[in-house]
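Line by line, the protein sequences are chains F and S.
Per this note's numbering, the first sequence starts with residue 1, numbered consecutively.
Per this note's numbering, the second sequence starts with residue 1, numbered consecutively.
By construction, these hints were calculated from the structure, which means they are not laboratory data.
Quick reminder that beta carbons are idealized off the backbone N, C-alpha and C, glycines included.
One or more of the hints may lead you astray.
[What the hints assert, rightly or not] Computed footprint of chain S on chain F; a stretch qualifies when at least three of its residues, placed anywhere within it, have a C-beta under 8 Å from a C-beta of chain S: (1) 41-53; (2) 170-184; (3) 277-285; (4) 389-401.
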Amino acid sequence: MEYEVVIGLEVHVQLRTASKIFCRCANRFGAEPNALVCAVCLGYPGTLPTLNREAVDQALRLAVALGCEIPSRSVFARKNYFYADLPKGYQISQFDQPLALRGRLALHDAGVEVPIARMHLEEDAGKLLHEAPGGGVLRGSSLVDHNRCGVPLVEIVTDPALRSAAQAQEYLQVLHQVLRYTDTSDANMEEGSLRCDANVSLRRPGAARLGTKVEVKNLNSFRNVARAIEHETHRQALVLDSGAEVQQETRSFDAASGTTRTLRGKEEAHDYRYFPEPDLPPLLVDEDRVRRLRGELPELPWTRWTRFAEQYGLREDLARQLCAQREVADYFEAVVAEGAATGAAGGAWAQNAANWTMTEVLKELNARGEGIESAVEPTRLAALLGMVARAELSQAAAKEVLAAIWGSEEEPSAATRRLGLGQVQDADRLEEWIAEVLAANPGPVEQLAAGEQKVAGFLVGQVMKLSQGRADPKLTRERLLSSVART
Amino acid sequence: MGEARGQGPELLDLTAQEIASRVRTGEVTAAETVDLALARIAELEPRVGALLRPGQLDDAARRSAEAIDARRERGESLGPLAGVPVVVKDNLSIEGQPLTCASRILDGYVAPYDATAIARLRAADAVIVGQSNMDEFAMGSSCENSAVQQTRNPWDPERVAGGSSGGSAAAVAAGEVPLALGSDTGGSVRQPAALCGVVGFKPSYGRISRYGLVAFASSLDQIGPIARSVPEAALLYESLAGSDPRDATCSERPVEGLGESAADDGGRAAPPTLEGLRIGRLREIDSSGLEDEVAAQWQSTLRQLSACGAELVDVSVPSLPAAVAVYYVIANSEASANLARYDGVRYGRRVAGGGSLRELNRRSRSEGFGPEVKRRIMLGTFALSSGYYDAYYGRAVGVARAMSEQFESAFSQVDLVVTPTSPSVAFRLGERVEDPLAMYLSDVFTTPANLCGLPALSVPCGLGGSSGLPLALQLLGPRWADREVLRAGAAFESASGWNRRVAPGAAAREESSSAS
Chain F
1 MEYEVVIGLE
11 VHVQLRTASK
21 IFCRCANRFG
31 AEPNALVCAV
41 CLGYPGTLPT
51 LNREAVDQAL
61 RLAVALGCEI
71 PSRSVFARKN
81 YFYADLPKGY
91 QISQFDQPLA
101 LRGRLALHDA
111 GVEVPIARMH
121 LEEDAGKLLH
131 EAPGGGVLRG
141 SSLVDHNRCG
151 VPLVEIVTDP
161 ALRSAAQAQE
171 YLQVLHQVLR
181 YTDTSDANME
191 EGSLRCDANV
201 SLRRPGAARL
211 GTKVEVKNLN
221 SFRNVARAIE
231 HETHRQALVL
241 DSGAEVQQET
251 RSFDAASGTT
261 RTLRGKEEAH
271 DYRYFPEPDL
281 PPLLVDEDRV
291 RRLRGELPEL
301 PWTRWTRFAE
311 QYGLREDLAR
321 QLCAQREVAD
331 YFEAVVAEGA
341 ATGAAGGAWA
351 QNAANWTMTE
361 VLKELNARGE
371 GIESAVEPTR
381 LAALLGMVAR
391 AELSQAAAKE
401 VLAAIWGSEE
411 EPSAATRRLG
421 LGQVQDADRL
431 EEWIAEVLAA
441 NPGPVEQLAA
451 GEQKVAGFLV
461 GQVMKLSQGR
471 ADPKLTRERL
481 LSSVART
Chain S
1 MGEARGQGPE
11 LLDLTAQEIA
21 SRVRTGEVTA
31 AETVDLALAR
41 IAELEPRVGA
51 LLRPGQLDDA
61 ARRSAEAIDA
71 RRERGESLGP
81 LAGVPVVVKD
91 NLSIEGQPLT
101 CASRILDGYV
111 APYDATAIAR
121 LRAADAVIVG
131 QSNMDEFAMG
141 SSCENSAVQQ
151 TRNPWDPERV
161 AGGSSGGSAA
171 AVAAGEVPLA
181 LGSDTGGSVR
191 QPAALCGVVG
201 FKPSYGRISR
211 YGLVAFASSL
221 DQIGPIARSV
231 PEAALLYESL
241 AGSDPRDATC
251 SERPVEGLGE
261 SAADDGGRAA
271 PPTLEGLRIG
281 RLREIDSSGL
291 EDEVAAQWQS
301 TLRQLSACGA
311 ELVDVSVPSL
321 PAAVAVYYVI
331 ANSEASANLA
341 RYDGVRYGRR
351 VAGGGSLREL
361 NRRSRSEGFG
371 PEVKRRIMLG
381 TFALSSGYYD
391 AYYGRAVGVA
401 RAMSEQFESA
411 FSQVDLVVTP
421 TSPSVAFRLG
431 ERVEDPLAMY
441 LSDVFTTPAN
451 LCGLPALSVP
461 CGLGGSSGLP
471 LALQLLGPRW
481 ADREVLRAGA
491 AFESASGWNR
501 RVAPGAAARE
511 ESSSAS
């Protein structure tokens, strides 16, 4: 039978802050186990939480970027459950009065706007280690690393509004862009600073009521979120087709097999016994604070690519690709600015900068497995593109020069000289190549002489080929035409 | 020891103000004072049982005292509690010392940091000489829920000292120390103070930082002083109160106690008067709920207040009869979360076995907690459970809010409200152990102050006509009216002559006691 899949995502994001949310310990990934702990985040008897303002600001920045409403008052609550990685036996979270409500995120490819139900602030738990640091086997025991205890976290919950695995994946990609643009999180799924659970249910198309939902956990990449949803959709469809009912439960995704399996059923679901956190007064956020943070927001990806398309005359898809990573877009704009500084402004320059950024620069980075920060600096790329624009270097030769100066401090002009790759404008050399090409192509020469101008391109191309791309194409064309005219 | 300059043990019977003043001038040293206290503790403890691990802090106390003396000798000025020996309840974290809350589940735990109240005691140059017995995790009204020992009432060794801060109250009543700290969640400072014939003060919620106080019910807990007179309690209160960046519920309002005059002249300044004060008498106090001798004394106390110039006005707090029920729902709910951290994983008692985490949690908690603590965790867990929350926790919070409004309305007519502190005198050891409900009901007058965040002071007001045991009145003020409550208490105390009475448990010293 045909079904409509309904997906809601719950995304946990670790906020970037200097210290943890309720104590002064550093908030940093990758330290020695239990190096970033104190009596407060270890939940020692008598300790109390005190709220880190920076964590609240980061959460508010994100909430504003996602277009959320910010209530003037939100309330922390205790979420009670036992686990070895939860030192107090409860997590300080928010429940019925969260930090932010009713946001939205537009998905361009899907052409939909995803409604965000709520966003709340909470503390992260620690991590259980099932093997010894360094890889030794633990016999019948586990170790607890408390460094993550108290790392500030927001949970962003969408309405059940996504309709496909592809939409879910795009939502995460766009959300990731927002997190990176606002610098509110490292948003690194491998390090766990971005984590996603998916609620998946099926219903007959047009049905008003939602079907029974299944929560899928252990999704460690955007791709796996999509795979898990696809598998879960398939699995639930088979259950429904067989006349059975989908069980409300929590399932875990296994990336190796691409399937999900039961983690716990409805009966084993926790009763978290939420109640207001008596150790923290309600969090009051006044309008001035929201206004200030909104004013400080950087340009967000969708605004930026719209601007790129208009200001630089770029194709929309190219503009969006450039803006997928804030650092890449910054790089592109720096190259454009360098050009403007040398008087090379204009649509062609920007187009060239965009093309080079997206193709040559990213290709080189991907090949090296490096980030944009290790690319050739915008000044040197701009200098290189300037040489191309002034016809001192062919496109092909410029690519060689780029490879040559990557990782060194050599200027493009010096590398061009060193490699003998400069554009040849020398009349004698050009005439030699032209003569050779004309002699070798009597047919086309006759056609050109007879007025078939389009053959000129072919002949110029032959000269370029003969010169290994070094002949100045514009001069070559002029001289070639006049040579033919003379004959 | 302690006799070096001819100081006799009667030094300890002076007020805290007098002791501190003598230490500051060098008339006596902190070391002598502390040695006297340690000697008296060693002498009395076998009979009283107020302190856990007596002797454990002796060396640390002597070192602190010597450091205080050295600073005086260098010409530094000393704090308001210079050299005064203090006992603190064993739910306050002292760096490097065990902290047990009189529970087995904290076996082996050594606190890694000082509570803010402890740090402020040190800053005031007090010397901590002991950690006192209590009901396990402050849950109880008699110290009988201590997993460690029984504390006896210095007025009658067959009777309870009250609870949960019974050790602190008994230590002061027996004359071991002039000052002690307790904590008060539903009356745990005031009730034992009343039963032991000493003064106990629960400040407004948010006056003294709770950082380092092991949480029982976070929205109700307050640290409070116990002393032999109101000015001494006020001095200790003033040394501890005030904002703390480590406690978000601690207020930044300026602290007002009895003020410098009380500190300077040893609390003997012409005391504040009751003249012209409007004092509310709660209509809801049903005299028939009071023991006969309490009821009789209650009437005479009211006459005494009138005689001192106070105007008695009938006021009403209609939710008062619900206070105990509301209190036990809220306190147990919060406790069920606050005590979740004792799971055998990180510190304290761990009972391994079965191989699973769940089993480790279950066994550690089953063996580590006593029956009353388990009862309250279960009740609190139930009250917060899905499907019951609204009927229990939600409703209790609603009633507490209504009660606050009713008190506010009462305080628009009167300056203070007066009640008995406890409906009975100290009861016999074992008498109520099998009847937790009777034990809970005795909190009827003390719990409202916690539910509404009000300052409340228990002041001795006489002896029971038949039992000869101490009785006390309780003064309640509007939130943040701590100063007014202390002033009225000091006025009553000095008018009644019920000031600094020594318990017969310390009768051996009675002739040397000049203070009363």
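Going down the list of hints, with the structure as the test:
For a cut-off of 8 Å, the count of residues in the segment 41-53 of chain F with a CB near a CB of chain S stands at 10, and the three-residue condition holds. For the segment 170-184 of chain F, the stated coverage by chain S is not satisfied: 0 residues place a CB nearer than 8 Å to a CB of that chain, which falls below the threshold of 3. By the rule of at least three residues with a Cβ nearer than 8 Å to a Cβ of chain S, the coverage given for the segment 277-285 of chain F holds, with 4 such residues. Requiring three or more residues with a Cβ within less than 8 Å of a Cβ of chain S, the coverage given for the segment 389-401 of chain F is violated, as only 0 such residues are present.
In summary, the structure is inconsistent with hints 2 and 4 from the numbered list given earlier, while agreeing with the others.
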